[in-house]
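Single-letter residue listing:
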Amino acid sequence: MAKADNFGFGEEAALLKESARKFFTDNFPTDALHALVATDPSPERMSDCAWERDLWQQLVDLGWSMLAVPESAGGVGMPLVAVAGLVEELGRAAFPCPLLGTLNATYVLIACGDGGQAALEEIAAGQAATLAITNHQGDWNVSQTEVSCEDGKLSGSAWFVQDARKTDRLLVSARSPAGLSLYWVATDAPGVSIHADAILDLTRDQAHISFDAVEAEEVTNNALAALEQAMPAIWIILAADIVGAAEWQLQTTVEYASARQQFDHPLGFFQAVKHPLVDVMVQIDQSKSLVYGAACSVDMEPARALQDAHMAKASASETAAFASGRSIQCHGGIGFTWECFVHLYFKRQKHSQMLWGDAGWHRRRLADILIGEVA
Amino acid sequence: MSDDARKDTQEQADFRQYCRGWLADNRPPEPTVRLPLSPLEIMTTEQLCYLQDWQQSAYDAGLVGCDYPQEVGGGGCKDCQRVANEEMLRARTPFFPNVIGLGMAAPTVFYHGQEELKQNLLPRLFSGEDIWCQGFSEPGAGSDLANVQTFAERKGDKWVINGHKVWTSLAHFAEWMILLLRTDKSHKYDGLSYFVVPIRAALGDGVTVRPLIKMTGETGFNEVIFDNLEVDDSYRLDELGKGWQVAMTTLLHERGAGELQTPRAGGMKSKATHTTNTANLIELARNSVRDGEPASADPLLRDRIVQQVIREQGLALNQQRARVPALLDHPMRVQLQNKLLMTEISQDTAALALEIEGASASLYLGDDNAPVGGQWPMAYMNSYGMTIAAGTSEVQRNILGERVLGLAKSK
Ligand SMILES: Cc1cc2nc3c(=O)[nH]c(=O)nc-3n(C[C@H](O)[C@H](O)[C@H](O)COP(=O)(O)OP(=O)(O)OC[C@H]3O[C@@H](n4cnc5c(N)ncnc54)[C@H](O)[C@@H]3O)c2cc1C
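Chains as they are written, first to last, in the working numbering: chain A, 38 to 412; chain B, 49 to 459.
Relax, there's no trap hidden among the hints.
Pairs of lysine-lysine residues, derived as BS3-like cross-links and limited to a Cα-Cα distance of at most 25 angstroms, are as follows: (1) A:40 / B:126; (2) B:233 / B:206; (3) A:40 / B:55; (4) B:459 / B:233; (5) B:457 / B:236.
By construction, these hints were calculated from the structure, which means they are not laboratory data.
Chain B on its own, in the form it takes in the complex:
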């Protein structure tokens, strides 16, 4: 019996057994294309189709959206998504391509959308048929998200949208976008409203998507221009002027501190390549050489590896302690640290990996001699995407200082 299984309710135990059985019989085939590190770097339709097929079959089997009610296409279970996630990780499946849909759009639509909208949108979101993207950031609104200027003007029961979004991950594949925009220019926060918008249907007709290239050389995020796009009022979530509150639901889930567990799969090939964890770091140290000895024998490197192991274990145990109220001084204190810790720990792990590689850290993906296919330098660079996206580390520290410690709000 695994650690996870030990704590299951009856429903969870039965479900776990079902998941295990299904995963044993339905392992997706080996991909014929190189898969990216995460869904945020999906570049080709071949990559996308392979991952979409996998999400569809996992959804058909009931492993996606388990805790949502059946009326909206969910499984109607209680706390079973966590079980499915654990089993999919254990089975080292590919990841799901529709990350923004599953992690952000679904809970937001679920908590703030009209019943009919939920029933129309969520099943195709869960199945991965409709990819979703998030239109929050703009050239003038990053950390200061409430400064969003994209504007919707009322025209009968329609809205006409104009504006410019940036860093929009997956927009090049997305059917739908969750869109934070302004409906009132006189109030910063209360002038914001929140829509879901079918962008793919409007490509070339009110919507332009242009890819942006990341420092790694990958694509994955885009800029999206709205030029008099008309959308129906029924695509609005919650009330007019309540966009900021709705966005908070999105951000809470994006940072892993929301009510609903995000369906998550992954781990395929992660032992061999490119997952920024310390097990792989130790493996790398054993296989690298420093001063004629394995790098794993170097006392300074050993100490720094151990420091990373301790942080990684601290994070894992934090997540466990977050569910034990008697060991928390403040209800959100530990959850709100998740995003900050996860991204900074993996950044430091990747940085250390490059030092362990030494001279070979200079070799990138195209070089046959690059250790582990050049994945560590790439992971290191991508780690900065993680400490910037979804609220930078500095913004996370502001949130923690203000909401948890109660310190005065910074400008």
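Here chain A stands alone, though its shape is the one from the complex:
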């Protein structure tokens, strides 16, 4: 059970979620998304990182990129449940922008204490940021980095960096004399090279980044503690994005199953279509409840945050896979085409499913917490 009856999701949070929904439906309907990102079907395409910079700027002006930044650093200081509400709507719109990366960086910076203050102020001033903490094997264990720092200069490379070409700042983990430290680096600093990955997901961009003697500011020399503290929030917001996207997949497929007729009935008349769609809804609702429950734990009952966040991301990863599969299958042939919008979400969900650990990765850790580690 979550600590607060309403998960701490008060009036302000409800208003924010509602205005986010309106913002995206008014400004960025799915046909706009398709026209923006689905320009090159070639399987060998390089990601071209198409996004609506002006819309992102509006979002920044609304204060949404600095929602999680504490008021003491010039931000809005909203609780995680409220942020999850916004991200759910962002996921529903599959809006390409560096919000998730910026939130991720924010939660890690908050966990850095005083050292994070200056960087948080930059985010509050509208800078976008992202984490560069993963090795080339995509090991989600946060202690793995292939960057090192010597004499205040970063060398090496970081992989699977999200929204790298949309961001202004990087929060980089690197081996340092102290062990593992975090550094704040501008993406246009001399020595930083961004190599775009050719990815499946058309709504995001991803890159590996090499550092060649890059001057960097140390944020903390105890990166491990900060990253471990922040990971639950990072998993939860990604899970919220998945839930929103899955709801789009469900609603879109339900509409199709109501409009399209075969054998003299709408498709949804047949239980082989109806029941799987119900199962998708049930799975979404489980994930959604787990997301807000876990967010409430992060806000109010930190001792449960890790366990509840693992549950939220484990469940959401399953939802991503299940909702995606059904959305294509129930559309039939048209669902298998480039022209139909469902593939955009299918691909975004595949990306989200694996990012920061898939269901099995989280459940293995949960087993250790709930059942005890095996000697």
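Use these hints to put chain B with the ligand onto chain A, whose structure you have.
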């Protein structure tokens, strides 16, 4: 302070304190008979009397029917039944025997009965003195409930009832039955009417109750034959031809999605035995052996246990989210999933328990070596009663698809 107490209104907080105090001083004695898994498997009068005594004392103390008005024998409180339920679960009391009365008959009579009928029937229902049963299903009317053929023919201000009900839980102990029947053969839905009927008084004189044996070997449900039973028109709920609408009130509450909270107690001994939850599942895994190691060390079993924990927590949080309108896309969407989820999750938990037990899952209640007294195989079998009764899982999926998602109605 517990999680529950944190969110109480003043009235609820005072009531909670009262319940806690009363329960501390009035714990029912240990039963001298084996209690069944749920009220639906009560087989002997010894079991019944023990549970009835408990319900009576809980009612006298004000823990049953809290939110109903005082005129009908209730407590006249606002949202206090939930508090009483939480405290009774916490105190691990026995459960109440009159489940169908409390969960289905009471709200139905309350919303659709005449004032006098309510005042006559509800106090003895709440106290457990009158056990109730539900006469809906028939040999030809299961999932297709509106196909009910039991017929009432008008005779002055009386009705004469003939027909055949099946799977009637608790009918062997029941004073009263809520009865869905037909008063007009020319309209499927609008030909249905709804009565309350004193069946015990008419045993051998218009009513026959015959027990049916369940796959577990337990009894608990029955078939009930009506042979020219005469009942008074004052036992009719709502208007003639409105039986289907009244039945919807019953079903909504039966599936845990109704307006009024059902008084619920329970949990007695549940730590040690037979409650299909994952805490007990983990306990079982620790105490079972696979390949010479505790089963709780087996990576595949661990993963499947964790999957069940996640579903169980998802369900609990669903119930909490159902009360936060800002987090709902459709007002009934989450509530209507309750029955489906609850029964399917516990079925899968019980199935997993049998796999954890391995060879020992072959041992049933009569075997001294059966883990946890053979309760898991029994719980597993009974779980199918739950996914069938009160609208099968398939029917639940139809309801969700049609009412929530708006998909075309299936045949
Ligand atoms: C333990 C237990 C206690 C019960 N207690 C009571 C009681 O107290 N009072 C009472 O009135 N009834 C009671 N019932 C009866 C219960 O409500 C019915 O068994 C149930 O509604 C299913 O009806 P049926 O058994 O006729 O199965 P059927 O309706 O014949 O169904 C058989 C199978 O077909 C499936 N099916 C049927 N129609 C459809 C459809 N349209 N779409 C998809 N699948 C479909 C069902 O899901 C099921 O799997 C009880 C049942 C059990 C098991």
